[in-house]
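These protein sequences, in sequence, are chains Y and E. Its first residue numbered 1, the first sequence is counted upward by one per residue in our numbering. Its first residue numbered 1, the second sequence is counted upward by one per residue in our numbering.
Source of the hints: derived by calculation from the structure; they are not laboratory data. Think of the CB as a built atom: it goes at the ideal place given N, C-alpha and C, for glycine as much as any other residue. Among these hints, one or two may not hold up.
What the hints assert, rightly or not - What follows is a list of derived Cβ distance ranges for each label pair:
| no. | chain 1 | residue 1 | chain 2 | residue 2 | range |
| --- | --- | --- | --- | --- | --- |
| 1 | E | Asn131 | Y | Val211 | 40 to 46 Å |
| 2 | E | Asp185 | Y | Met346 | 48 to 54 Å |
| 3 | Y | Val211 | E | Asp176 | 45 to 51 Å |
| 4 | Y | Ile38 | E | His302 | 58 to 64 Å |
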Amino acid sequence: MKSRNSSNNIYRMDGIGKVFRFTLQQTFKNKGYLISYIMVIAMMTLMSPISALSAKSTETTMAVVDSMKQENEVTKVYIDNKTDIDLSLEDLGLKDTAFESKEVVFESIPALKDTEIGIEIKLDSNEGYKTSGIISDESKVSSLLLDGFTEHIFNAFEDKRILSSISEEKYASYLSGFSTGKAITEKEYYELQNSKFTSSDTITLSTVYSVIVMILVSLTVSYVISAVMEEKTSKLVENLLVSVRPLALIMGKIFAMMIYVVSILFFGSVGSGISGAVMGLLMVNKSEAVAHATTGYEFGAIFGLSFGKILILLLSVLLTYLIFSILAGLFGSACTKTEEVGPTVMAIQFISIAGYIITIFIPLIDNKVVTNILAVVPFISSYVAPINFVCEKIPFWLYGISLALQVLLAIALFMITAKTYRKLIVNDSKKLSFIEILKLAGKGEQTNV
Amino acid sequence: MGLKVTDLSKKYGNKTVVDHISFEMEKPGVYALLGTNGAGKTTSIRMILDMLDKDTGEVLWNGKPLSFDNCNIGYLAEERGLYQKYPLMDQIIYFGELRGVPRAELEKKIKYWSGRLKLDEYLYPQPVVVNGRKIKAKPKSPDQLSKGNQQKIQFLIAMLSDPELLVLDEPFSGLDPVNTDILKDVVREQIEAGKYIIMSSHQMAVVEEFCTDITILSRSKAIVKGNLNDIKKSYGRVKLSLKCESDVSSYINALGIEILSEKENEYSLKVTGDEQANALLKSLTDAGITVIRFELAELSLHEIFVKEVGADEEQK
């Protein structure tokens with residue numbers, strides 16, 4: 001007599017809310033989790049000020065100096081131009097900098113007071129044109145400020161020197177660099193002409209999207225697997241299984257850990273936004289220097305996305321996140337010993353990192369065939385397809401197929417979990433491979449309920 | 001109605017771990033699943049509770065497939081487990097809520113069972129007085145409790161929903177005599193309250209105290225099954241304890257009765273049945289010998305177990 005297979009009931013998730021609430025509550029009560037939660041949020045919050053403070057560019061240095069209000073220490077700047085190239089106050093481009101309101105004079109450098117700066121520009125027979133920053137021995141002006149300002153003056157002088165011999169257009173042309181174009185079809189050419197996204201936009205969007213997904217996946221995978229293993233090693237699974245269905249048990253845990261990680265990113269982003277805004281308020285020079293100092297990327301492309309595309313990306317992030325989280329729960333329940341957790345986490349993170357790297361490199365390769373194929377490869381497509389659709393690199397129909405495959409993958413993983421979790425969670429003999437899990441799922445779930 | 005287990009089997013590869021086991025509990029009481037280590041007791045329980053797939057068989061509760069949807073089940077698993085680092089009270093409330101016990105009722109039940117099982121000091125730790133100030137005690141977690149007390153916490157969890165079917169896998173193992181008595185009292189109460197109890201144990205004396213029906217498993221098969229009194233009766237009254245005022249060895253030997261032990265006119269004898277015992281008593285009284293004690297008894301569960309399992313092992 002074979003027990004009946006009641007496939008309807010294995011998908012019931014009564015009690016999932018209680019499992020979710022308890023898991024989340026205990027995660028926040030756990031000191032280790034709480035400390036890592038606070039630390040990650042603190043790191044994200046401080047990332048903006050730290051990167052601004054450690055930035056190397058002249059503009060950034062000046063912006064940072066602005067924030068420190070050191071410009072108040074400088075009362076006068078002497079510029080001693082010993083070259084035959086004329087340099088005016090206008091050429092220095094001091095607008096929107098800390099030195100905008102300072103007294104800048106073009107004359108020989110006298111004995112400097114402790115709040116004065118001298119900058120000498122000369123032509124050296126060996127070294128060429130050269131600027132030197134000078135302060136008095138008892139100067140209150142920091143060397144950081146002096147270096148930053150000296151470099152700024154040198155750049156302004158260089159622009160003037162070159163522009164004195166060639167036109168502005170030619171100068172811009174020289175600086176623009178050169179790259180070889182690849183052969184494209186007429187259709188591709190017009191698609192390219194009509195595209196709203198430059199290659200730089202695509203790189204930025206791909207990077208931002210894949211980084212967000214990768215961080216979410218990487219953190220959640222280890223948390224989900226740890227949570228599942230904690231239950232297994234605590235040997236109370238049998239007690240749970242007479243109270244709650246296996247699917248509710250695993251999905252409750254997965255959702256709890258997903259929310260835990262999302263809340264880290266949410267509060268971290270809020271903290272980062274606040275600290276960025278505070279840095280902006282402290283800096284007099286709020287121009288691009290700050291943006292570069294804080295990010296290193298041009299985010300204009302993101303703000304230029306339509307609401308629909310932003311929605312597509314957000315839903316894709318959630319779908320990808322769900323796929324990898326269920327995968328983590330499934331693989332975690334196949335582990336039998338704590339030592340197996342590390343390699344399992346790494347295996348899933350490897351897939352995720354592969355997706356991340358491929359997504360970043362696709363715009364650089366810029367090969368339509370490769371992009372189209374990767375848009376339908378399971379797991380990788382979750383990274384590749386949405387962003388390439390948003391950036392108009394793959395057509396809507398292909399994105400539709402990719403999305404359908406991703407949804408099917410999520411449903412398949414969900415069904416495999418429903419069919420195998422009860423067996424996996426009580427299995428303590430040996431770790432099962434993915435193939436063995438699939439075979440187990442193929443046998444179907446036999447249950448009284 | 002009640003519980004009906006029919007033709008339960010399980011194989012792992014080529015190895016049969018449970019071989020067509022059937023039993024029935026028509027009325028409340030204690031059913032004991034006995035057997036040596038690895039005989040298939042826990043696997044049977046896991047299949048009954050639907051944690052493991054059955055290769056064959058079905059488990060019915062009041063005529064319907066048993067599940068926690070149609071039967072309020074309390075379970076004390078053989079593998080004792082609690083979340084080691086989580087506060088005890090949080091875990092108990094979690095399990096209670098999963099079983100659908102309303103929060104207000106749950107708190108009352110936890111309080112009751114905490115007192116009943118002598119767990120108050122762990123579940124309701126008293127404030128600590130430091131420098132004359134009362135400081136609220138930190139909630140206890142399982143890793144601060146002995147194994148025996150963790151086991152009692154799990155028993156408490158099993159009792160929270162006032163289960164109609166209680167499955168106790170080795171409930172007394174690892175408990176000291178005091179806690180064993182506490183748990184025995186609770187089991188007695190549950191029997192009186194008309195609960196169905198399945199118990200697996202190695203402690204035959206304890207099982208004998210409670211159970212009405214048994215199945216003895218050996219090498220995955222049921223080798224003895226049925227009502228305990230009937231089983232005992234089937235082995236006959238073969239244990240005779242005899243004490244006389246003088247040496248009666250000659251009377252015993254004359255009837256061909258086996259002497260198991262002898263000490264100062266006190267004998268432990270193995271008779272073939274009531275007739276042989278009565279014949280001995282008659283010969284003694286006819287001879288005018290004063291008999292101080294004459295006690296004819298059935299085999300104990302322990303003796304039946306050893307006899308049957310031993311015989312089965314020999315056939316191996």
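Results for each hint:
Taken as a hint, the range 40 to 46 Å is violated for the pair E/Asn131 and Y/Val211, whose Cβ atoms sit roughly 53 Å apart. In this structure the hint that E/Asp185 and Y/Met346 lie 48 to 54 Å apart at CB holds, the actual value being about 52 Å. Between Y/Val211 and E/Asp176 the beta carbon distance is about 58 Å. The supplied range of 45 to 51 Å is therefore violated. Roughly 59 Å separates the CB atoms of Y/Ile38 and E/His302, a value that falls within the hinted 58 to 64 Å.
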